[in-house]
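**Student:** Below are the chains, spelled out letter by letter.
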Amino acid sequence: MLDLLHAVLVAPFKDMAGSPTFLVEVLIGGLAAGLMYSLVALGFVLIYKASGVFNFAQGVMVLFAALTLVGLIERGAPLVVALVLTTAVMVALAFAIERVVLRPLVNQEQIILFMATIGLNFFLEGFGEFAWGSDVKKLDVGIPDTSFMVWGVQVNRLELTAAITAAVLVAIMAVFFQRTRVGRALRAVADDHEAALSIGIPLNTIWIVVWSVAGLVAIVAGIMWGAKSGVQFSLSLIALKALPVLILGGFTSVPGAIVGGLIIGTGEKLAEVYWGPLVGGAIENWFAYMLALAFLLVRPQGLFGEKIIERV
Amino acid sequence: MIYREAGQFKSTYASDQAVFPILQDRVIAGLVLVAAVIAVPLVANEYWLQAVLIPFLIYALAALGLNLLTGYAGQVSLGTGGFMAVGAYAAFKITSAFPGLNIVVAFLLAGLAAALVGVLFGIPSLRIKGFYLAVATLAAQFFLIWLFNKVAWFTNYASSGTITAPPRRMLGIMVTGPEATAPVRYLVALGLVALFAVIAKNLVRGRVGRSWMAIRDRDIAAEIIGVRPLRTKLLAFAISSFFCGVAGAEYVFLYLGSAETLAFDINVSFLVLFMVIIGGLGSVLGSFLGAAFIVMVPILLTNAPHLLGLAMPVALQKQIELMVFGGLIVAFLIVEPHGLARLWQVAKDKLRLWPFPY
Amino acid sequence: MRARPDPPPTPLLEVNGISVRFGAVQALEGVSLEIRRGEIVAIIGPNGAGKTTLLNVVSGFYQPYEGQILFEGRDRTQLRPYDVAALGVARTFQNVALFKGMSVLDNIMTGRLLKMRGSFLLEALYWGPAMKQELAHREFVERIIDFLEIQAIRKASAGKLPYGLQKRVELARALAAEPKLLLLDEPMAGMNVEEKEDMCRFILGVNDEFGTTIALIEHDMSVVMDISDRVIALDYGRKIADGRPDEVRADQGVIDAYLGVAHA
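Chains as they are written, first to last, in the numbering used here: chain A, 766 to 1077; chain B, 417 to 774; chain C, 30 to 293.
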């Protein structure tokens, strides 16, 4: 019994203290992974903030964007052209989603919209595979997946680029939502569809805009993920991990998505490296969800979410 | 003309509360039951029993369980696969430890195990609602699958990591294992799902069902009326997981023969959720209709090209399956969010007037 | 105006110095009042005065940060809503909180939940004790349905009814619990004259036949004058008048509150 307690509560920390450079590298690895999750979560937050829809299909959109990009490159398109075309495809997708899924379901309960996005998720998965084939593809965006040394610690170029991209994206989105007229309109729409309609906000246009932007975010996320691990279908499963990120960070908070992602990413990595060996490994499969669950019990609205005040 | 209730008066509340108040409905139900029990085992061939009917009955039970939790009590759950896994592995351990124990009893005990696990993972539902709860159930799903993968005790230390249904008899007939014939397994599955359907129907039309629906529709008002939220939700988790656990046990023992954790992964959770959505949330009949639908789609996709003289590669079939499922979910939610069960209801209403237009 | 015999001495409900805050908003401040058995009390006041908050505190939905609530002489301040319901308090809501997915009959039957004893195992079997209990409750609910004249819609889906009927079904659900204290939050909002007369008739009937104590929030002054024994007026979270209808109507503070005279 004492052995067990020692193994769980003491030994891992001694390991951490024992080789600090390794700890830092694990942390960086965790932060990098977390950043990837955050990029996916950003798309979620965008759509939820602006249309009140919990887009379960966000992960698949990332996959789809990556597939399209890689598919075009494989067919000989230069990178820039492929990017432009992929953007066009994602915008077209946004149009289609708005027309076919969102418009008929306007003002239905959230749970119905949520389930519709689950259906969308599966449809896009099938369609993506149908259109581009099912083998793993390598995505090369000209940034080598190599590391360089900073203060004795290994830093990966690709991960660094991802971090910078994410930071820029967040800054842009924060400004957009807080300072611009369109951003305000989006927040109104998220609050109440009918009320927004009644004051003249063009719902359909807004939705197309929002889902297009989410599509762009998906492209960025897809590029980062794809360059790191190759474009494959496990991507959509990894995207499920964005859900605990959202729980931690709150569904409507852009900084929350980032912070949540970093916490989940580092937490997961630390747990896997230092506690994983105790139980045979693969803790990463469920650690994020358990962490989110624990958080929810303490703070049902997440770290940054708005406190839910129920009225009768 | 034929399907009318004119002339059928209810003189007691008892007859008004009956499950099939209209005589014609009772006749239809009776015929279906007779056909299912007697005609099918005699007429159906091996393929139909093994590939269609047995999985249909098992999925119907799982869908019934999920429908009670998500459709009636309003608690979204993506952990169905995990709870089915609990049932399967529990049944395996129980029947390995007690080979003489009646296999159906083993199933029921496995269901109890699943119910306990369900209650455990349902405790957060008091504080957490809606999508947040869905994510919490994902925690259950991933954790349980990992647990059964990692801890070799569950597979009795089999090197292959799979559990295999040992041969068991009931009333002298082989029920599980390689020698159990399809009609026998079919009848066992049929008996169990029929029993649980009756139980489910009884629960939902009484006090328990009403408290569930009250929590689903307006949980705050429900609490003010006197519904105790934690008790009500935990009961829903318990009963739902019980059903799913038995279904999971049946899945290995009566259908697959042997399985590993892959058989219960997140895709199963989604599949059962689709059955419930397409069949109709909050409907016992809907669970069956949805299960039938989802089981039939791959069958149709496999066989239709042959009938049409086309060749379809397996991968393409899977892709089309995904697209069809996804597309149908969206279509159903747009056209009839209450699923096939509501469509059936509408059809019956039209039938009452037929052949008159109004 | 109604002539009534003197009510018994111990009040059914006592509220002493209740204060409720939501963040920076002071919803109720130092509110004290009494409701005696068998009375019909009307609670009036401009919008935002805290009337619904008061009902919510009595229901147990909000917890006051100071003050005390006594029900039948015993302290009930910290109870959860379902415990308060078990004591015999039933209510209707401003925004009609019916269970939209259920039929009218089922909605009213949920009102009987507290009176239903039984284990889910017995109910899973249905035939036997569970069925007997269900039918007995069904009979009781049918009497309420008769009383409120909603027989024709008993199998209709509650979400699809017109507003006036929904309010009546909500009243039926509250009555099904056989409450000692009935709290009604704007039971006549959005109704036309005939519907209001019907509702008044029902409320008076409930009070006469079953002796239920009733507290209702109401904006229509003619209704208030007609059916209430006493009137309590709130403004900005404070009680500003408490007495017989004609007294309160003439009270200067109440007149100021409604006409919006600038406050010091």
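Treat the hints with caution; some may be incorrect.
With a straight-line cut-off of 16 Å between C-alpha atoms, the simulated EDC-like cross-links for lysine to aspartate or glutamate are [claimed, not checked]: (1) B/K566 / B/D635; (2) C/K209 / C/E171; (3) C/K144 / C/D112; (4) B/K734 / A/D900; (5) B/K545 / B/D432; (6) A/K993 / A/E1037; (7) C/K129 / B/D432; (8) C/K225 / B/D765; (9) C/K184 / B/E676; (10) B/K734 / A/E1049; (11) C/K161 / C/E178; (12) C/K129 / A/E839; (13) C/K161 / B/D432; (14) B/K566 / A/E894; (15) C/K209 / C/E95; (16) B/K545 / A/E1049; (17) C/K209 / C/E58.
Hints were generated in silico from the structure; no laboratory data involved.
**Student:** All hints, please: hold or fail.
**Tutor:** Outcome of the hint check:
For the proposed pair B/K566 and B/D635, the alpha carbon gap of about 39 Å is over 16 Å, so the pair is violated. Between C/K209 and C/E171, the direct Cα distance comes to roughly 20 Å. Violation of the 16 Å bound is thereby established for this hinted pair. Distance hint between C/K144 and C/D112 is fulfilled; the C-alpha atoms sit about 13 Å from each other, no more than 16 Å. Proximity of B/K734 to A/D900 is assessed by CA-CA distance (about 15 Å); at most 16 Å being required, the pair is judged to hold.
Restraint check: the Cα-Cα separation between B/K545 and B/D432 comes to about 35 Å, which exceeds 16 Å; the hinted pair is violated. The straight-line distance between the Cα atoms of A/K993 and A/E1037 is roughly 20 Å, outside the 16 Å bound, and the hint therefore fails. Pair hint C/K129 plus B/D432 does not hold up; C-alpha atoms about 22 Å apart against a cutoff of 16 Å. Between C/K225 and B/D765 the CA atoms are separated by roughly 35 Å; this puts the pair beyond 16 Å, and the hint is violated.
Restraint check for C/K184 and B/E676: not satisfied, since their Cα atoms lie roughly 48 Å apart, outside the 16 Å limit. Distance hint between B/K734 and A/E1049 is unfulfilled; the C-alpha atoms sit about 28 Å from each other, more than 16 Å. For a cut-off of 16 Å, the pair hint linking C/K161 to C/E178 is broken: about 25 Å separates their Cα positions. The suggested pairing of C/K129 with A/E839 is violated, with an alpha-carbon distance near 54 Å, which exceeds 16 Å.
Restraint check for C/K161 and B/D432: satisfied, since their Cα atoms lie roughly 14 Å apart, inside the 16 Å limit. Distance hint between B/K566 and A/E894 is unfulfilled; the C-alpha atoms sit about 31 Å from each other, more than 16 Å. With a CA separation close to 25 Å, the supplied pair C/K209 and C/E95 exceeds the 16 Å bound. For the hint linking B/K545 to A/E1049, the alpha-carbon distance of about 25 Å lies beyond 16 Å, and the restraint is violated.
A hinted pair counts as satisfied when its Cα atoms are at most 16 Å apart, and C/K209 with C/E58 does not qualify at roughly 26 Å.
Consistency with the previously given hints fails for numbers 1, 2, 5, 6, 7, 8, 9, 10, 11, 12, 14, 15, 16, 17, ordered from lowest to highest.
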